[in-house]
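Can you build the whole structure from these sequences, using the hints too?
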Amino acid sequence: MTDTTAPVSASGQRSPLWFAWRRFLSNKAAVIGGTVLGILILMAIFAPLITPYDPEAQSFLTEALAFPSATHWFGIDNLGRDFYSRIVYGARVSLTIGFTAALFSVLVGIPLGALAGYFGGRIDWVIMRIIEVFSVVPPLLAALLLGAITRGGYGTIVFIAALFGWVQVCLLVRAQVKSFREKEFVRAAQALGASPWYIIRRHLIPNSISPIIIGFVLSIPLAMMLEASLSFLGVGVPPPTPTWGQMINEGIDFMFFYWHLAVFPTAALAITVLATSLFGDGLRDALDPTLKGR
Amino acid sequence: MIAHIIRRILSVAFTFIVVSIIIFLMMHSVPGGPFDANDMPVSEAVRAKMMAQWGLDQPLHVQYLNYMWGVLHLDFGVPFQSPGETVVELISRAWVPSLILGGSGVLIGAPLGILLGMAAALNRNSWIDYLASTVATLGLTIPVFVTSMLLILIFAVWLNWLPASGWPQPNRWILPIICYALIPLATYARYTRSAMLDTLNRPFVTVLRAKGLSERRIIFQHVMRNSAIPLVTVFLPMFIGTATGSIFVEAMFRVPGLGAYFVSSIEVRDYTLQMALMLLITFMYCLAYLLSDLAYALLNPRIRTGGTE
Amino acid sequence: MPLVEIEGLRVSFSQYDGQIDAVRGVSFTVNEGESLGIVGESGSGKSVSCGALLRLLPTTAKVTAAKMTLDGIDVLKADKEDLKRIRGRSAAMIFQDPMTAFDPVFTIGHQIAETIQAHRDIGKREALAEAEQLLLRVEIKNAADVVKYYPHQLSGGMLQRAMIAMALSCRPKVLIADEPTTALDVTIQAQILQLIKKVQAEFGMALIMITHDLGVIAETVDRVLVMYGGEVMEEGSVAQIFEAPRHDYTKTLLASLHSRFEPSKGDPEAIAPALELRGLAKAYPIRRRNGFRITHGEFQAVQAVDVVLPRNRIVAIVGESGSGKTTTGLMAMRLTEPSRGQILVDGTDISGLDPAALIPFRKRMQIVFQDSYSALDPMLTLTQIIAEPLHIHGLGTSREQTEKALGWLERVGLPRSFGSRYPHELSGGQRQRVAIARALILEPSVLVADEPTSALDVTVKAQIINLLKKLQAELGLSILFISHDLSTVKSLTDSVVVMYRGRVVEEGPTERLFAEPQHPYTRALLDAIPATDPRERGVRTFLSADEIKAQTPRFTVIQTGAAPNATPQLVTIAPGHRVEAIVTT
Amino acid sequence: QTTVVAPSGSTAGTYMDYMKTVYDRGTGSELLQIPIATFDKEFELTPMAAESWSQSEDGLTWTFKLRSGLVWSDGEPLTAEDFVFALQRAATSGYDFAWYWDFAGGIKGWKEVTEGTADVSTLGLKAVDDLTIEVTTVAPKPYFPSVTSLWYPVPKHKVDELGDDWALDVANIVSSGPFEIESWEKSNNSVVFTKSDTYTGPWAPQIDRLELDPTLNAPEVGLPAFLAGDADYSFLNTGQVPVATQRYPDGIRKNAVFATSYISYDLDAAPFNDVNVRRAFYYAVNREELTTTVLKDIAIPAGSILPPGYPGYNPDVVAQATFDPEKAKQFLADAGFPNGEGFPEVEIWYREEGGYNGAIIPAMAQYLQAEFKEVLGISLNIRALPGPEWMDGLRGKKNNIFIAPYEYDYLDPSNFYGIFYNGGRHGYFIPEYDEIVAKADSESDWDTRYKLYAEAEQVMIDQGLIVPLVHPVTIAVVSDQITGDGVQPNSLGFTQLDRLGHYFFTHITKQ
Ligand SMILES: Nc1ncnc2c1ncn2[C@@H]1O[C@H](COP(=O)(O)OP(=O)(O)OP(=O)(O)O)[C@@H](O)[C@H]1O
Ligand SMILES: Nc1ncnc2c1ncn2[C@@H]1O[C@H](COP(=O)(O)OP(=O)(O)OP(=O)(O)O)[C@@H](O)[C@H]1O
Ligand SMILES: [Mg+2]
Ligand SMILES: [Mg+2]
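Protein chains in written order, with the working numbering: chain A, 1 to 294; chain B, 1 to 309; chain C, 1 to 585; chain D, 1 to 511.
The set of hints was computed from the structure by calculation and includes no laboratory data. There may be inaccurate statements among the hints.
[What the hints assert, rightly or not] Below, a list of computed lysine-lysine pairs in the BS3-like style, where the Cα atoms sit at most 27 Å apart: (1) D:K254 with D:K296; (2) D:K397 with B:K49; (3) C:K62 with A:K28; (4) C:K67 with C:K80; (5) A:K183 with C:K80.
In structure tokens:
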């Protein structure tokens, strides 16, 4: 029985977060992912402090394309810029694009999904049609078109990633809310006179936490990948702002010999995405108190 | 069931029309037109003449209705880029390589992905599992153009086993197909793994074990079948999804497919082709969703036998 | 040599935060043809012990035993071949929840046939024929059709039987039945138990019956094992356990079986009703598929019922599963919109009020849901759950709310330290108590309690009922007590409403109704109550719907004062005692 | 049978007809036809369809005598009429290269006809007989013969039959040049040519088949294909030079393209309506550093709009284009922006394209960005636009600063100066400049002409009309199987490869 399983701490109240934290810590992959992600974020924030050189200054033109060395950890790019500094600064753009898109998709996806799932009927119909519209148009093509209209750039990429990212979250939340709407704890809240918004906010959304996290975590790499793809097609973030997508794209031109120009940004992107998904999985498991030690 | 199908078809048709309007409007809000000069100005008189010739001087809604009216008769117009043929001819010509690549990519990638996902689910938290998720994540995070380049460097340039690029000879298909296959492989590995784990956790699996069925039979008959149902819904859309992947793979491997037209039709404002391509993709997606919906219903006895989900 | 021999079985599960010792040194034996009952509170390790016997535990389980043999095979060392022999052939298992025990994508026939084929070398067709025979054996009348059905097309009771058929298909030497009847209502439960006994005798199997229902034990087994906290407390023959329990836990268990409560005081007629349902009916629209055609119709879940709940009284609603009890309760709470009828709360009709106008009534009326598991939000801690009503109505600061919630936690008999737990960390009984605490924290005047004790073992059940009784006295509560547990109803309530197929077929003061049931359905229901004494076992007869209809009581105009009518109507035959009957001249 | 596989052309092409469209032409459409004249690798003008030409006394009329015996690949004779028809059609049907015949050719009545105000018969073009063409120009054009290097015949008999569509389908395409078409893959505009059987003009091909594949143009794709033996030469990007040099030390070829990248402005819009600002930019570019680092191997400094080796190239003009940060700062301060303070953020637009421009411009733009920031304290944003949009921006003055590339169309200084003449490409109207250029264009004494052009460029420098940046260099690796004059460097050390297609593809052999 549970009495024998969980030690009843003498201090009385355990905070739910404390418990989530415990669960999170015991998931090694998630901790590693989280740590890496944390480091990446810190690196992005404190980029000026940890980079020896200005990422946009072409201070080493005479040594352009130099291979990694003790002074230039990741080498120098074709424009004489310290590549390590550029990678670190690139994290700023990629992470911002990823997280803004993810955040936006969650901000739009959750309410819409909850609305559709809770009220059903006409609202659901309308939202489902909107979702259908978004799911039959490939984001990349839409991005190309939008990029042509707006002439590309940072804003466009974030916008497009967000525009297409919310669909997944919305669908997941909708399905979850739909299945929970009939649960008796929702009825119980209704019996207590709670308003629909209260129920959505306090019961349905927290119970959708795992699809929300899945959606959130999935839309981050999607946005980052979109940035890379669009850079390849020439609608990316304009230079000299260092972005990983742009660097990868330029890097493949040099892949024959100056491998570092392609390898480092690709690795940075892959590591970030990997860390994010490990972290996300762990977070989901940790935040869901019903998942026991699996 | 029939009512269900009809309802689905209606809603798909609705979506299709909405999307076509959105695309049409977006297409025409891109600044510039198809007959803008490339380097030096074309005289205004000539430009006007050409616009009139293509019917671009009419109001937008008229152009839209004209176009869609044509579409209803399967007439998608003549591409500005290649006026010697119709859009339909152009697409059916350029589609062949894309279809071969995309098709074999999915057909090879999906089963491999499923196998990988199965192996991962059955050996949860073992090295196979970690390998599978690493492969899946890398497959999804490393941009196709980087993998393409890597494959070319390794197999064509360094090892000299395969030709670097090009199209007609089937041995040139190998590398691009591998590139194509990576994405379905990664996606399927992911989906399969989680679908399998979900199924394995269901109580009936314990019951099957308790009945003394062999583990092989449990996995291959019961667990697979149950996990396949959710997978059905991603199979077809993924197939269509390869269409946009073709932009990169085809560019890197010099494949004369449809991919380049996606980009060029937007770049040179080839309205007819652009619209046709977008409609094609939209239509395929609609069809794919519809079919997977039906396949889902057919595979799932709960729906097939008239119960409700 | 005994068929099953277990000595010093220990099972522990490894988890994030350490390990759980689910079973700590259990030993028992079962001989051929013998029936062993295992009782014990929820979570005491009953299922885990049997799972270990068939090696069905997840990989997180660590199993050790001094000795564990099944049919002569050392289970812990069994290889693939041995396992195949153990599972199905030596021992078969009937699982707790039949709804989830079948693979949803294969037909029932296929699943039984494949079991047969796994153990015997016969063809598919013969296996299917045998499956059909087996289904007939477990009294599924339309077996030929059922073979081709998918699990979702069967009702819970049928699935349970199909499950038994499947377990029997390989002619096991020992049948392990893990709470085969918890999910069923009394009449079906009684049928299933009888069935198990029958086939056991027929096949000469040994039986391990796991349950927390002492009545089931009394009905079916020879020997009893009492478990508590992963250990065996006591073992002995049924008679010995029931008559001379030695262990304290066993004693409380048995004591709770015979508890009685003070009847409520005061004359019911004199008090204004707290809740009155007038002609309340509910029809659900249904779609029927006939090939490709869909026909729309209505399903009368509840047909115009009148129920009166006097102040400070407890009224029971009993009846077979699906008879509309829950629907009536939900309508009374306006959680399900009634199709017709009125709901009077302290004389005010609330059936037409809008959500805003309902709020004051929502504070006065509360409901405890049938399924305590889904009635608690799994993402909230107990404190949050119990404080929720205060939170919704904005009563007090959040600190006060928490304090009050903790207070109620204590009142329902749970330690304050449970406040930060989550529902899934509780046992069923604990969850029920939390649900009750939440319903009572606003100190309502009316409580609809929908099967508050269905999933509980006897000790906890007794606790909860005590609590309700106490609160009724303290708060002046009126309770609509929905249940199919008739022994509880008998000991707790003041009057009883019997529902059958959406209608009220009989209603009357508890004592009178139990003593002189008039309607055939009421009699069938009372007859199905499992014995509380092993000596009272006997063979029962079950009535079909047609038989019940045929036996509708007849009264004369003189007896009832009602107009004669060939269709059954509710007639009053004694003060407060009404029954559905045909009135003849 | 020898087949040469070469990167060439652009991946999108509509008509296999140079005289219908230049920018959307099918790959190699010019190789299929014989021009009046063309250049050899030393940039000597060589008669092709013409046998000889002569200029009238007043300098306004040119007479071209065609070779006899030239035929179309379907056997029809190639006549003067086909050449005249080519230009008549170009003047009336929206030829995207029509401006060339106006400002370079200066053909009488051209402008009026293209604008639809005059009839095509008024054009200064006449087929005197089957082998004689007469061209009348508005002013004396001493360099007119070199302009004819882009004058190809159009098969009038085919156009009469099929209209413009004759050039859409391999079955209908006829050729007059050294090659015939075998197949045309429209998805990527690659073509297969074969040696023509009917061609009797100069420079007969020495190879049997020629595959021109635009998808090989991008060095990232071309080099792997080359290394795997799928292409006979490939262009290189900076990153590839070391590998290629290491593997094929003898196969590396360089070509200083007669092209220039320069900065141009909207002269009417702030802040570039101030000559001091423009001059500041002129002095703020360190061309030396740019071409030794960022554009190593792929560009050389440009001090003039004219590339070295080009007729009229003037070292005195070039010498003025120095990197002088102090002067640059001074000019900026004079314009009211000391150290760039108060200078608005500007966005420089460049055209997205492949080829050598694609290799140098993006990198150069970023270099300039950093340079202007450092020297002038100015923030420059970069935007890449597809061709038509960039052009639209330039023409419609939708932006105020551009990076513009230009490659010669015919070998005369008037070609480069013409792009700023009387509006021209950039909408520059500088009366002083126009006057000198007009004079120079029609001057028949070559020394005087060059002097006048130098004066005109001085006006450009003084007014800061442009900032010449670099002249691109293409660098390629050629398989050792390809031999012949075509792959031998010229006297300046450059190998033209497909830039002089007629010469190159007819002067190579394959082992
Ligand atoms: N897979 C598991 N992982 C961790 N703990 C488990 C697992 N399965 C069972 N337990 C724990 O083992 C203990 C015994 O469980 P078991 O299922 O045997 O109880 P039971 O006596 O059958 O109760 P019930 O009457 O509720 O079915 C419980 O405390 C339960 O929480
Ligand atoms: N939403 C609904 N739609 C259609 N039919 C319903 C719905 N809810 C309940 N029913 C039907 O109404 C009848 C009464 O259901 P109800 O839940 O009230 O039964 P009950 O007496 O509480 O049964 P149990 O003892 O099993 O809890 C059942 O036959 C049920 O199938
Ligand atoms: Mg159990
Ligand atoms: Mg109920």
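Going straight from one Cα to the other, do K254 of chain D and K296 of chain D come out at no more than 27 Å?
Judged against 27 Å, a Cα distance of about 12 Å means the pair holds.
Tell me if the straight-line CA distance from K397 of chain D to K49 of chain B falls inside 27 Å.
holds (24 Å)
Mind checking the alpha carbons of K183 of chain A and K80 of chain C for me, to see if they're no more than 27 Å apart?
Violated, because 42 Å separates the two Cα atoms, which is more than 27 Å.
Given hint K28 of chain A paired with K62 of chain C - CA-CA distance at most 27 Å:
Within the cut-off at roughly 22 Å; holds.
Given the hinted pair K67 of chain C and K80 of chain C, is their alpha-carbon gap at most 27 Å?
holds (19 Å)
Hint compliance for this structure: hint 5 is the single one not met.
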